[in-house]
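Go ahead and model the full structure; you've got the sequences and the hints to work with.
If you're matching them up, the sequences are chains A and B in order. Quick note: the first sequence uses this note's numbering, first residue 290, plus one each step. Quick note: the second sequence uses this note's numbering, first residue 857, plus one each step.
No lab work stands behind these hints, which were simulated from the structure alone. The C-beta atom is built at its ideal place from N, Cα and C for all residues, glycine as well. Where hints are given, some of them may not hold.
Unchecked claim - Derived pair list, reagent style PhoX-like, types lysine-lysine, alpha-carbon separation capped at 25 Å:
# : chain 1 : residue 1 : chain 2 : residue 2
1 : A       : 362       : B       : 866
2 : A       : 402       : B       : 980
3 : B       : 980       : A       : 405
4 : A       : 409       : B       : 980
5 : A       : 385       : B       : 989
6 : A       : 319       : B       : 973
7 : B       : 989       : A       : 314
8 : A       : 440       : A       : 402
9 : A       : 319       : B       : 980
Stated by the list, open to error - Not everything, but these chain A residues come out facing chain B in the computed CB check (under 10 Å):
#  : residue
10 : 368
11 : 402
12 : 419
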Amino acid sequence: MGEKKITQILNTFRQIYDDFGSYDKRYNKKVAKPIFMFAISPGGWDSLLELDKTARKKTGGGGIAPFMERISKKDVISLKAFSLEDSFELVELRLKEARTKKVKNPLSPFSKKCIKFVHKVSFNKPRNVLQYCSILLEDALDEGITLIDVKDAETILGEYGISLEEK
Amino acid sequence: MNQWGKLSLKENPFDIYSYEHRMADRKEEWGRIENLLRSAFSGRGPRILLLLGDYGIGKTFILEKIYQSLSEKKAVFVVRGNVLYEKRLAIMESEPRWTKFGLDLITRIFDNIEPQKLVDVMKKVNFTKFHSKFSKIFQGIANNDDNAFNYIRGEKVPAKILQEYGIASPLSDSPIGIALFFEFLRAIKFGGYDNFLTLIDEFEYITSIGRKENNSDSKHL
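Structure representation (structure tokens):
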């Protein structure tokens, strides 16, 4: 049942992709081109690849296989995990946009070690870096902390149950 | 001075739901995206591009940046022709409206285009030269007619109105949906657009739709 529903959706894209040529020819190239960009997690993509494999075994190429074959490998963009340098850049950039005055330390009110720590517990994901920095900033403000160090980060994030294990 | 002033800040700058910020890093990936879009827009056929990344890695942010670049006309990847684009379509944000999932997808794509943008696009179409079985629907959109919008969104339209539009049957299955989609692509070409870009977020959701049993809330036509 599940595979059938997925096939219905993917076949819609496949049909648009395949029928374009005949439409374009019939209407003398007076058809706008459809360009689809899908964002998907590697886990989701693996599930589709797995379904594709199963479908090929069962039908010898039916199911979702026709859709999968239409995605060229060169049309796949993989977003890499954030490095420590990327995390520094992200935090600096966000802080810079909100500065009211020039400061010596571009990471202020965070210490460099604090951001290193945040990066470690963020799974190298920018969303986590932003989320944790947001929590730290809010709590630091409430508690009157003007320089957020690694100890503050451990305490504050620990209070929110955020895993402090190094990833 | 607000409370953030104590930290020399205007506000908390770490909002994860704001996409107005500049993009950190991703220079290499953004360069590839620009090249791929440039090649897609200037190519001859349709294209399916895939943005692969773990949760929280920045996929949504990238899609928003593509949309912003096009909106602000800063998109260096549009080298030839015009591109009609819509905002990011997050298919995870709502349950499928149809048990016919292919049709659901097409109606969502139409639903996701800003109404005023659709009106403006259809106003550019010369309907004395553009002939299609959906011409009157597209003209209706140009005239901001709710029934025309309802039709392309897969909402119920009274049979009498459908007759006035010259439409024999409601938008009730995927083949009609696909035909409408192609006629839409023809119409926008008449309106001066060479490409129609659809940005689909959270595409992995289709694997979970597939695993759900028949959704009793889904509409049947």
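For each hint, the structure was consulted:
no., hint, result
1, A:362 - B:866, "44 Å, violated"
2, A:402 - B:980, "57 Å, violated"
3, B:980 - A:405, "54 Å, violated"
4, A:409 - B:980, "53 Å, violated"
5, A:385 - B:989, "55 Å, violated"
6, A:319 - B:973, "21 Å, holds"
7, B:989 - A:314, "18 Å, holds"
8, A:440 - A:402, "9 Å, holds"
9, A:319 - B:980, "15 Å, holds"
10, 368, "3 Å, holds"
11, 402, "18 Å, violated"
12, 419, "5 Å, holds"
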